[in-house]
Amino acid sequence: MLSLLLFLPIAGAIACLVLPRSQEGKARVVATVFTLANLAIALALFASFDQGDNALQFAERRTWIDAADAGFNVQYFIGVDGLSATLVLLTGLLFLVAALISWNITLRPREYFAWLLALETAVMGVFAAQDLILFFLFWELELVPMFFLISIWGTGRKEYSAMKFVLYTLFGSALMLVGFLVLGFSQGTFDMVELAEADITSAAMSLNAVFFLILAAFAIKLPVFPLHTWLPDAHTDAPTAVSVILAGVLLKMGGYGLIRILVGILPDQFETFDVYLAALAAFSVLYGAVLTVRQTDLKRLIAYSSVSHMGYVLLGVAALGDVALTGAALQMFTHGTITALLFVMVGLVYDRTHTRQISDLSGLAHIMPIAATVFVIAGLASLGLPTMSGFVAELLIFLGSFDHFEIQTGLAVFGILLSAGYILWTVQRVFFGPRPQRWEHLTDTTNWWEQVAMAGLVAMIIGVGVYPATIVDVLESGIIRTLGFDQ
Amino acid sequence: MLDTIPENAVWAIFFLPLASLLVILFLPRSQATAAGVVAALCIGAAFVLSLWALDSSLQADGHPLSFSSHEWLNVGDVLEVNVALNVDGLTAVMLVVVTSVSFLVQIYSMGYMKGDGGYWRYFAYMSLFTASMLGLILFNSILMVYVFWEMVGLSSYLLIGFWFHRPAAAAAAKKAFLVTRFGDLGFLMAILLIYVHAGTFDIAAIQDLAIAGAIGQTVLTWFALGVFAGAAGKSAQVPLHVWLPDAMEGPTPVSALIHAATMVAAGVYLVARMFPVFQVSPDAMSFAGAIGGLTALSAAMIGVVMVDIKRVLAYSTISQLGYMMLALGIGAYVAAIFHLFTHAFFKALLFLGSGSINHATNTFDMRLMGGLRKTMPITFITFVIGSLSLAGFFPLAGFWSKDEILSDAWAHERYLFYIALITAGLTAFYMFRAIFLTFFGEYRGGAEPETGAVVATLSNQAPVSTEPGGFEPDPVQAHAAAGAPHTAPEAHHGPHESPWLMVLPLILLSFPAILAGFANYNHDIEHLLVGALPEGAEVAEPTFRMGVAIAATIVPAVGVILAWAIYHAKVISAESLARLFRPVHSLLENKYYLDVLYERVVAGFLFHKALGGALATFERYIVDGAVNGAATSVRQTASVLRYLQSGQFQTYGALAFSSLVFTTVLVLVLSPL
Chain A
1 MLSLLLFLPI AGAIACLVLP RSQEGKARVV ATVFTLANLA IALALFASFD QGDNALQFAE
61 RRTWIDAADA GFNVQYFIGV DGLSATLVLL TGLLFLVAAL ISWNITLRPR EYFAWLLALE
121 TAVMGVFAAQ DLILFFLFWE LELVPMFFLI SIWGTGRKEY SAMKFVLYTL FGSALMLVGF
181 LVLGFSQGTF DMVELAEADI TSAAMSLNAV FFLILAAFAI KLPVFPLHTW LPDAHTDAPT
241 AVSVILAGVL LKMGGYGLIR ILVGILPDQF ETFDVYLAAL AAFSVLYGAV LTVRQTDLKR
301 LIAYSSVSHM GYVLLGVAAL GDVALTGAAL QMFTHGTITA LLFVMVGLVY DRTHTRQISD
361 LSGLAHIMPI AATVFVIAGL ASLGLPTMSG FVAELLIFLG SFDHFEIQTG LAVFGILLSA
421 GYILWTVQRV FFGPRPQRWE HLTDTTNWWE QVAMAGLVAM IIGVGVYPAT IVDVLESGII
481 RTLGFDQ
Chain B
488 MLDTIPENAV WAIFFLPLAS LLVILFLPRS QATAAGVVAA LCIGAAFVLS LWALDSSLQA
548 DGHPLSFSSH EWLNVGDVLE VNVALNVDGL TAVMLVVVTS VSFLVQIYSM GYMKGDGGYW
608 RYFAYMSLFT ASMLGLILFN SILMVYVFWE MVGLSSYLLI GFWFHRPAAA AAAKKAFLVT
668 RFGDLGFLMA ILLIYVHAGT FDIAAIQDLA IAGAIGQTVL TWFALGVFAG AAGKSAQVPL
728 HVWLPDAMEG PTPVSALIHA ATMVAAGVYL VARMFPVFQV SPDAMSFAGA IGGLTALSAA
788 MIGVVMVDIK RVLAYSTISQ LGYMMLALGI GAYVAAIFHL FTHAFFKALL FLGSGSINHA
848 TNTFDMRLMG GLRKTMPITF ITFVIGSLSL AGFFPLAGFW SKDEILSDAW AHERYLFYIA
908 LITAGLTAFY MFRAIFLTFF GEYRGGAEPE TGAVVATLSN QAPVSTEPGG FEPDPVQAHA
968 AAGAPHTAPE AHHGPHESPW LMVLPLILLS FPAILAGFAN YNHDIEHLLV GALPEGAEVA
1028 EPTFRMGVAI AATIVPAVGV ILAWAIYHAK VISAESLARL FRPVHSLLEN KYYLDVLYER
1088 VVAGFLFHKA LGGALATFER YIVDGAVNGA ATSVRQTASV LRYLQSGQFQ TYGALAFSSL
1148 VFTTVLVLVL SPL
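Here the protein sequences come in this chain order: A and B. Going by the working numbering, the first sequence opens with residue 1, and the numbers climb by one from there. Going by the working numbering, the second sequence opens with residue 488, and the numbers climb by one from there.
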């Protein structure tokens, strides 16, 4: 079942490519059907996930490269725990959203949707892989579709941004690969479960060095200050759907790696450096938020807000407790839905006005009342309003980390004031004010595909905010499993 | 005698306004005019149930009724968040205040908002507000208080910015949210702190632990100060009061309900709810008292110079909230909530009265009013009743609650007594100044709806969007358009009394404005409130002091006489007074320059320009500069190195040979070492 989830999108990608040129407009239908099917599988997986059982579920294991004599033993080993299952669900949801909001793509649609579907396979693979080498392969595989999606279908300095994104990530993954190899050879296996269970005390190089090599990749991906500057560029120049995926799920690969691999396999090293990580996290939160206030381009604004919000993830992970880690994991999920919705709305505004400059816009609520309402909902969720999912996540992180890091948490709490500032100021400038003559001709959202995408995300944000237990219980079983390796 | 209220009925109090919200959201737009009726019916039903809750609470002497607990969120065995209803004496009093005022305001709004393009949206927001406010007072957990605390903040944001086409309204909405959230940072940190040290969010449990001395003194003091920061933001205490005057940009019924009677009193409620904790942290107590006193006096002074009647009422509200906080600071827990109770009625009455005046004159600028007592007799009489009650004249509602505060202040903290007494005099002065300017003398013409732009920043109904099919016609225009009793030509002929939907709530609110003080005649409210406190929390017995009562009557009377002398008899010239005290006058007119300090200096310059600019430069040239610099240096190195891979055999040969020579030399040189 899990393999189906991984490779169904590839099948969809092939289906898109073999469409005859005269039928190329059908690619969007193919992509929508495949992402919908994948979401259905992800939902079934999530629903049948046994949260009482902290073990890996839906596991599949096959020998792949068997060079046991050389100490090199790679398996095709996939499976999900509560953490993976939730992120798989998020991935399924956001790729359907991405497919839906790409319906107006007319430039080479077959290739576009094929790359999008290939990307889904890579991301699903990262969240399901239970072997370090397999994890690394999926991690790298994600770059190829992203490079083409940004550099062909993007806007602005798209080639520069695509290249910056790829090189930055590659730089991190090269370091990560060294770390993985050292770890794997020291224990004679790349099996992530075995590695997590093993008490690793020595390797070919200092374990602290290994920790930092791997941390580099995840810190770039999350991203954490000062390794974040690829993000605003990539976001700004990517097409809307790719921004949605980038902010919604690709950043989560970094947070997921922190928990799954660093907390899971190198908990002692993590504990050694957690104070510094918490301080860095608090700084990221505030630094990102201050820069968000300064942005004049809507997409850059949301990109910088992501830097700030991902700081909370790092803070929660650094606190290394049940509550904080569950909060961090929930923050990944909720930030995925909230930021995706924000990008959808910005894309919608851009699609109609052809500008993302805040100074060009004003009073849009008169002309696009539905879009304005949904943007305000997404914004309120982003600033951590209770009854929306972001609040629960931030609350859990603060509750869990305040105990360990009073000062860092106290500083990070100021982020909720700054986020209220940049969100409400943006709403005021873009949507409020007198009826704008300049935009009189615009239409509100009228396409069913946009409306379905928006409604789904809004339902998810408010649903999790009002009754978070459904998601939290599953996430928590994954967190307990990860922390349990330590004992 | 009724039976004790069952749990489901209490849930219904909370869910009825929520149901109203949902019904209004899904009303077919052709039936949008039904929104007002839906809201009024649902909230009216909640009011009836609240009376039942009050009756049950009276029977239980204010002690908490027991209800079942529900699990909301649970992480491992570490964190458990349960939610249960809590109805005790304090809750019961608040329930009655919130539902009764909200009910009357909905009726008034059906008249005031008639024909507004956002009619259904208005009642949806009002329902959301009422549900959130009820949630704030109904739950037992401090976390739930925070949840609904933020939700009332949201409702307030939406309603202040209701006419979002007006830049002033949009800015005021944002300002209100941000300033209160600044205070909420303290509240949130207080919750984190108490959770770490007490391990629970349950208010009763926190109180018990505090009384039993199970939590350290320092923690309790910080907790109390954090809670107070949140309360100061919500209840507009100095220096976080700056958002409330601007909030007057919202529709006037909103000001009456949210920014006078209920939401702004939430801070006072929260401190009262946490009173046992404050009692064991004397530092936090005296801090609250001092801030309350400062707020009461400084806001009343600004009230004296405002020319916009709604701003006068706004500063009056700030001042009265300061009064309540002052009372809490000296331990007068009963008096504080009693004053909250009476204030809700007479201040809502006054705001609704100002809305009625605006309805007739199209302005809130008192310089354009005058003589309205002849044309608007009911508004006039009810407004005078509200003012007398606010000024604290025997035997109206305000007298009783204010007298209790003064009496307790006399006994416990003498300097606060004098502050409170001076404030009482100022209160009477500015209210009667408003009455003489508005209702006496000659009518000074009001404002035309079209010329509203002149008083744009002061007035509620201006500036008017003139585009055809504008998103939100303003009420006055809307009335004209809808052919309501007050058509444009009629308005042109002069002011007139408001329609019965607006006048009726004025009359109904006059009764509690006169009589609410007698609610405590048999110490009923006192029993309710004291019963709500946990075992071991001591409250001083309020005593009646004849001397204080006489002082509390004479000082406001002097205020009234002065107002009469200056603004009606004109034996003293207002202009020459202003000239005489010019520095003070301009300081007050500019609200102590706090808006300039916050908006221009702190937010605009220090934060956005200095800090933001510095970080933006750092980001561009250092953080990203390093990345691009690394990329450039790699490319430059590569551009040199690529000549090595030219594909020419000779080059490779030369390279290989020179490498060999180099290596040989290196080996020879290094080998002896």
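Simulated from the structure, these hints should not be mistaken for laboratory data. For every residue, glycine included, the Cβ atom is placed at its ideal position computed from N, Cα and C. It is possible that part of the hints are untrue.
Ranges of calculated distance between the beta carbons of each label pair, as one might list FRET restraints [claimed, not checked]:
1. A:G463 to B:V1121: 54 to 60 angstroms
2. B:F513 to A:G484: 24 to 30 angstroms
3. A:G484 to B:S555: 31 to 37 angstroms
4. A:D66 to B:L1142: 53 to 59 angstroms
5. B:S556 to A:G463: 20 to 26 angstroms
6. A:H354 to B:R1087: 31 to 37 angstroms
7. A:L167 to B:S555: 34 to 40 angstroms
8. A:F7 to B:F513: 50 to 56 angstroms
9. B:L1128 to A:M1: 49 to 55 angstroms
10. B:F513 to A:R62: 15 to 21 angstroms
11. A:Y276 to B:Q1137: 53 to 59 angstroms
12. B:F513 to A:R438: 32 to 38 angstroms
13. B:V1121 to A:M1: 43 to 49 angstroms
Against the structure, the hints:
| no. | hint | in the structure |
| --- | --- | --- |
| 1 | A:G463 to B:V1121: 54 to 60 angstroms | violated, 48 angstroms |
| 2 | B:F513 to A:G484: 24 to 30 angstroms | violated, 47 angstroms |
| 3 | A:G484 to B:S555: 31 to 37 angstroms | holds, 34 angstroms |
| 4 | A:D66 to B:L1142: 53 to 59 angstroms | violated, 42 angstroms |
| 5 | B:S556 to A:G463: 20 to 26 angstroms | holds, 23 angstroms |
| 6 | A:H354 to B:R1087: 31 to 37 angstroms | holds, 34 angstroms |
| 7 | A:L167 to B:S555: 34 to 40 angstroms | violated, 59 angstroms |
| 8 | A:F7 to B:F513: 50 to 56 angstroms | violated, 42 angstroms |
| 9 | B:L1128 to A:M1: 49 to 55 angstroms | holds, 50 angstroms |
| 10 | B:F513 to A:R62: 15 to 21 angstroms | violated, 52 angstroms |
| 11 | A:Y276 to B:Q1137: 53 to 59 angstroms | holds, 54 angstroms |
| 12 | B:F513 to A:R438: 32 to 38 angstroms | holds, 34 angstroms |
| 13 | B:V1121 to A:M1: 43 to 49 angstroms | holds, 45 angstroms |
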